[in-house]
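Line by line, the protein sequences are chains X and Z. Per our numbering, the first sequence starts with residue 1, numbered consecutively. Per our numbering, the second sequence starts with residue 1, numbered consecutively.
If you're looking for bench data, these hints aren't it; they were derived computationally from the structure. The beta carbon of each residue, even a glycine, is placed where N, CA and C say it ideally should be. A couple of the hints might just be wrong.
[As the list claims (entries may be wrong)] EDC-like cross-link-like pairs, simulated, lysine to aspartate or glutamate; straight-line CA separation at most 16 Å:
#, chain 1, residue 1, chain 2, residue 2
1, X, Lys92, X, Asp57
2, X, Lys15, X, Asp320
3, Z, Lys186, Z, Glu207
4, X, Lys92, Z, Glu106
5, Z, Lys92, X, Glu106
[What the hints assert, rightly or not] Chain X residues, not near chain Z, derived (Cβ > 10 Å throughout):
#, residue
6, Leu21
7, Gly27
8, Gln29
9, Ile31
10, Gln44
11, Thr56
12, Glu85
13, Asp143
14, Gly242
15, Thr255
16, Arg305
[Claimed, not checked] Covered, in the sense of this in silico footprint (three residues per stretch, anywhere, with C-beta under 8 Å from a C-beta of chain X), are these stretches of chain Z:
#, region
17, 139 to 149
18, 157 to 164
Number of protein chains: 2
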Amino acid sequence: MKILVIGAAGMVGRKLTAALLAAGQVGGQPIESPALADIVAPEQPAASVLVSTIATDLSEPGSAALLLEDRPDLIFHLAAIVSGEAEADFEKGYRINLDGTRHLFEAIRLGGLAQPYRPRVVFTSSIAVFGEPLPAVIGDSQDHTPLTSYGTQKAICELLLADYSRRGFLDGVGIRLPTIAVRPGKPNKAASGFFSGIIREPLAGMEAILPVDDSVRHWFASPRAAVGFLLHAAQMDTAPLGQRRNLTMPGLSVTVAEQIAALQRVAGSAATELIRREPDEVVARIVAGWPQAFDTQRASALGFRAETSFDEIIRIHIEDELPPA
Amino acid sequence: MKILVIGAAGMVGRKLTAALLAAGQVGGQPIESPALADIVAPEQPAASVLVSTIATDLSEPGSAALLLEDRPDLIFHLAAIVSGEAEADFEKGYRINLDGTRHLFEAIRLGGLAQPYRPRVVFTSSIAVFGEPLPAVIGDSQDHTPLTSYGTQKAICELLLADYSRRGFLDGVGIRLPTIAVRPGKPNKAASGFFSGIIREPLAGMEAILPVDDSVRHWFASPRAAVGFLLHAAQMDTAPLGQRRNLTMPGLSVTVAEQIAALQRVAGSAATELIRREPDEVVARIVAGWPQAFDTQRASALGFRAETSFDEIIRIHIEDELPPA
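Here chain X stands alone, though its shape is the one from the complex:
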């Protein structure tokens, strides 16, 4: 099975690549000639098979056709610029997040004109397709009312994925990821950054800023769960999806207070005392418009699984990211 990962240099892309190479197979079929693409060349991973790494901009003419030269059977499309950047640079957001994806889908369609070609395409969408006013618990048939250009671009790509699948050009699965926590690495300026920061920094003995009230509720899954979603989407039987190719992934709805209580249980007061409350009206206003909880019956029935406690999410971070004690 030939595999292409687009957006392989990002955090989830790197973890997905490592999981694929460690497994050596997808759905029982051995992986051959894996290719990793991103806007910057992905690092060459340690692997027993030859891995191609490609630096390319999917929004440039010809880029998608080049990536498809080997006719991969399975394509993970994770590449996107994040919400803050898509909001700050309108043209770049549409070019990368919409046109890039459309070029990929078109190149797949055109690749199938001469000889049959219908790869599985796993696309990462986002809960940013939803925006307030929203019900407290969002069901599987909630309409898309994005309040950012990023969310708009993801919602459009979901529609394209479904139509290209319906027409038989590709076999698509779109997965709306929860906010990923605990993100490894350094603090960033993303509005959602503190959700990871208040766990990650204290576990490393560093102070973390909490800019919102303890009562704020949000929707989470671990990086390990995200990789699990992607691998399941790559192998699942897509027939039960019907024409509804996009799914909200399961996750865990917890408040900041519940996050902190979990940190207390896992790492004690020495950790939680490093959280400093410094209310930020701007961040609080942004976060107030975000979804808080979902009822993900469809994805759960189809076998997607996330964590069921924030303690578990913290322990996964400790296992996967921190040096052994």
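Start from chain X and add chain Z according to the hints.
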């Protein structure tokens, strides 16, 4: 007030143009330099003001910028190829229905870079953004699950309209029209054609083919109501829309049997006996996936009005289209 109608040569476009010119004003502001555009040059209407008519393909580079040269204050964008054609010709559907609309929105945005420009844009969307499985009555927060490329293209344009409005580039109102009945003139390529045909042809003394079962239920408004929706969307206060710029228009949910009973009441058995049942599996399958009824609370609260009986819809057709008895 400068007005541009794109898609002015179509049935709704012609009726809208006539209504605009007859009124001579929109929202109390006199109409000046109205311009009518379509892929073929719209007919020069009888009018006391100078009317420009332009044949242009909005999907061609430069077309949108040309149309905006006069910086219209109000733009009606009705241009689209219909569902049957968009399904038969994948590339043409995306080029006309998606790229054409995006070019228009982009030209508006770019027109506002040098000096402030934020026209009202009234966009005709469609209930084809919804596809089965659906609830019996579809509410205002139903997600978009189009089962055609046409419906996909309309759903994408709705998302773009909302994002361009949110960013302040234009002041958009998207209206999802019911199936328009009774359409005057000859049948077009739409699979929905028979819904009008079984009324229009018998009223003209001609036989009509009914390809589906009498129990089929669907959602209707008259051409006169459609023009009313457009004019209301052009004049309404858009502040109450918030970020939700797209609205399902009110309509009337009736079965084919109820359509025929209305025809019987209005025109008697001489008319209904001209309906010939000739089941067509392909049409029946397409229509089976269509919405049957909506709860349009938002649009109703915002002042949009449709007919409340199919008898009324038939009488409007007789008044507006047939020669006086």
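Status of each hint after checking the structure:
1. Lys92/X with Asp57/X: 12 Å, holds
2. Lys15/X with Asp320/X: 10 Å, holds
3. Lys186/Z with Glu207/Z: 13 Å, holds
4. Lys92/X with Glu106/Z: Satisfied, since the Cα-Cα distance of roughly 13 Å is no more than 16 Å.
5. Lys92/Z with Glu106/X: With a Cα-Cα distance of about 13 Å, the restraint between Lys92/Z and Glu106/X holds, given a limit of 16 Å.
6. Leu21: 36 Å, holds
7. Gly27: Gly27/X clear of chain Z: closest Cβ-Cβ about 27 Å, beyond 10 Å.
8. Gln29: Since the minimum Cβ distance to chain Z is about 30 Å, Gln29/X lies beyond 10 Å and the statement holds.
9. Ile31: Fine: 32 Å to the nearest Cβ keeps Ile31/X off the interface.
10. Gln44: 38 Å, holds
11. Thr56: 24 Å, holds
12. Glu85: 15 Å, holds
13. Asp143: 4 Å, violated
14. Gly242: 8 Å, violated
15. Thr255: 25 Å, holds
16. Arg305: 23 Å, holds
17. 139 to 149: holds (count 8)
18. 157 to 164: holds (count 4)
Comparing the model with each earlier hint shows violations of hints 13 and 14; every other hint is respected.
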